[in-house]
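Given chain R's structure and the hints, the job is docking chain P onto it.
Number of protein chains: 2
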Amino acid sequence: MTYCLAIALNKGLVFASDSRTNAGVDYVATYSKMKSFVFPDNRTIVLLTSGSLATSQAVINAIKRDLTNPNAEFDISKGNYLHEVAQYIGDLSQQEQKRHADAMEKTRSNNESSFLLGGQIKGQKGKIFLIYPQGNYISASDETPYLQIGENKYGKPILDRIITPSTSLEDAARCAIVSLDSTIRSNISVGPPIELAIHRADQIEEPYHNVLTTNSNMYRSVQKQWNEGLKRAFDNLPRFDWEK
Amino acid sequence: MTYCLAIALNKGLVFASDSRTNAGVDYVATYSKMKSFVFPDNRTIVLLTSGSLATSQAVINAIKRDLTNPNAEFDISKGNYLHEVAQYIGDLSQQEQKRHADAMEKTRSNNESSFLLGGQIKGQKGKIFLIYPQGNYISASDETPYLQIGENKYGKPILDRIITPSTSLEDAARCAIVSLDSTIRSNISVGPPIELAIHRADQIEEPYHNVLTTNSNMYRSVQKQWNEGLKRAFDNLPRFDWEK
Chain R
1 MTYCLAIALN
11 KGLVFASDSR
21 TNAGVDYVAT
31 YSKMKSFVFP
41 DNRTIVLLTS
51 GSLATSQAVI
61 NAIKRDLTNP
71 NAEFDISKGN
81 YLHEVAQYIG
91 DLSQQEQKRH
101 ADAMEKTRSN
111 NESSFLLGGQ
121 IKGQKGKIFL
131 IYPQGNYISA
141 SDETPYLQIG
151 ENKYGKPILD
161 RIITPSTSLE
171 DAARCAIVSL
181 DSTIRSNISV
191 GPPIELAIHR
201 ADQIEEPYHN
211 VLTTNSNMYR
221 SVQKQWNEGL
231 KRAFDNLPRF
241 DWEK
Chain P
1 MTYCLAIALN
11 KGLVFASDSR
21 TNAGVDYVAT
31 YSKMKSFVFP
41 DNRTIVLLTS
51 GSLATSQAVI
61 NAIKRDLTNP
71 NAEFDISKGN
81 YLHEVAQYIG
91 DLSQQEQKRH
101 ADAMEKTRSN
111 NESSFLLGGQ
121 IKGQKGKIFL
131 IYPQGNYISA
141 SDETPYLQIG
151 ENKYGKPILD
161 RIITPSTSLE
171 DAARCAIVSL
181 DSTIRSNISV
191 GPPIELAIHR
201 ADQIEEPYHN
211 VLTTNSNMYR
221 SVQKQWNEGL
231 KRAFDNLPRF
241 DWEK
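Residue numbers (my numbering), protein chains in the order written: chain R, 1 to 244; chain P, 1 to 244.
FYI, nobody ran anything at the bench for these hints, they're computed from the structure. Please note that a few of the clues may not be correct.
Copies of the same chain look alike in the list, so a pair counts if it fits in one copy or across any two.
Claimed, not checked - With a straight-line Cα cutoff of 20 angstroms, these simulated SDA-like cross-link-like pairs (lysine to any residue) come out:
no. : residue 1 : residue 2
1   : K35       : E205
2   : K244      : S216
3   : K231      : I162
4   : K127      : T164
Chain R with its partners taken away, still in its complex shape (with noise of 0.2 angstroms):
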């Protein structure tokens, strides 16, 4: 499995992923889910992945072949509305899905993807979208500024608690740590490096990344602070009559 993580907000973009992979038990892999296009004073493009692997993978070669053919029909570069793009990537994940469908029923395997994509066109607010493995997308509303992909629900409560659009970067950044470790500590399935993502509005350049591997200052300090919180929020709560 995979926790990916997007969010909007009035400052703009805060993105993170976990790093685990697995083909059953027996073969768990680190692998970067995150991956950032950026086509300068035109738009900012940060795309996470989750599902089969090898759909991701080839999903983005992809993306990478037609950026590079100048007789594609489409690339990530063109379209001038983010929900372009968001089509064109459900359009290659069911291409590939479907490729690969035979073989996929015979074995009883599942080759699916969700995409979180998310970014901004010069001029245009930065946007959201959740791209499901048929091909079809949602983007994210102001009620529900975070899209979520994978392992979701241990992460989705300190969400629901802190991020609302006119949360800054950096505390949604921190609460994005929060999210994934809370998922990586209740999932095997879910593991370190943290990939971070920021970017910035009307920003059109490389955003800020981070690896935040378990060794990573910010990360053990964002773990012991957190869980000391906690802690001290819970000896707060308060007692039943009888201890009184």
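Structure of chain P alone, referenced to chain R:
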């Protein structure tokens, strides 16, 4: 859906359940999912249910039927070990599911139920079991002294951080309320009131039982103080380099 939780501690057992049931989104109702049975000087038993309400109710009815039938082969007041009671409830659940299996298959419906069984037979240690829809069951371990049924993921991280066998009954009960409340906030299929039961080790009597409605003081102040504590914990997280 549902979320039920049982925790086995050195000092006793803690149980919690939500109260929402739904058949589709247009038939949502409030039902208790917690039932206790006390046989003075012999055993205390608490049963939590999730899944098909029809199957859950039929199993409870069968338990009561067998208790009043002097010719019943087995009932929950019998058996030298609590796992025999778990096996019996698993059998009742399978019988009930099989009775309707053809009709269920024809309408592609599902009448599976899962159960959490906990209790203590006098002179033995208190125990908790998770009974699967297939009728088989597992008990908790010292490393993971809790069991969950239903929407178990949202509320798991806080249990993983707080609960050990030496946690006090009151702390475990507070942790259960937080775990339930986090799930209620993040998943509309889980809803209040929260039912809470506490069985003190070696006290073979009616467990402490409380129904925490959204208006109850205990529930409201746990919600408020937990929310404030989390916000404080969050505000104390380390800053990124550029924030310093």
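Given identical chains, is K231 near I162, meaning Cα to Cα at most 20 angstroms, within a copy, between copies, both, or neither? both (18 angstroms within a copy, 8 angstroms between copies)
Have a look at K244 and S216 and pick one of within, between, both or neither, based on CA distance no larger than 20 angstroms. between (43 angstroms within a copy, 18 angstroms between copies)
Quick one: K35 to E205, C-alpha cut-off 20 angstroms, is that within a copy, between copies, both, or neither? So K35 and E205 pass the 20 angstroms test inside one copy only (14 angstroms; across, 60 angstroms).
Within a copy, between copies, both or neither: which one fits K127 and T164 at a CA-CA cutoff of 20 angstroms? Classified as within; 15 angstroms inside a copy, 43 angstroms across copies.
When held up to the earlier numbered hints, the structure conflicts with none and fits them all.
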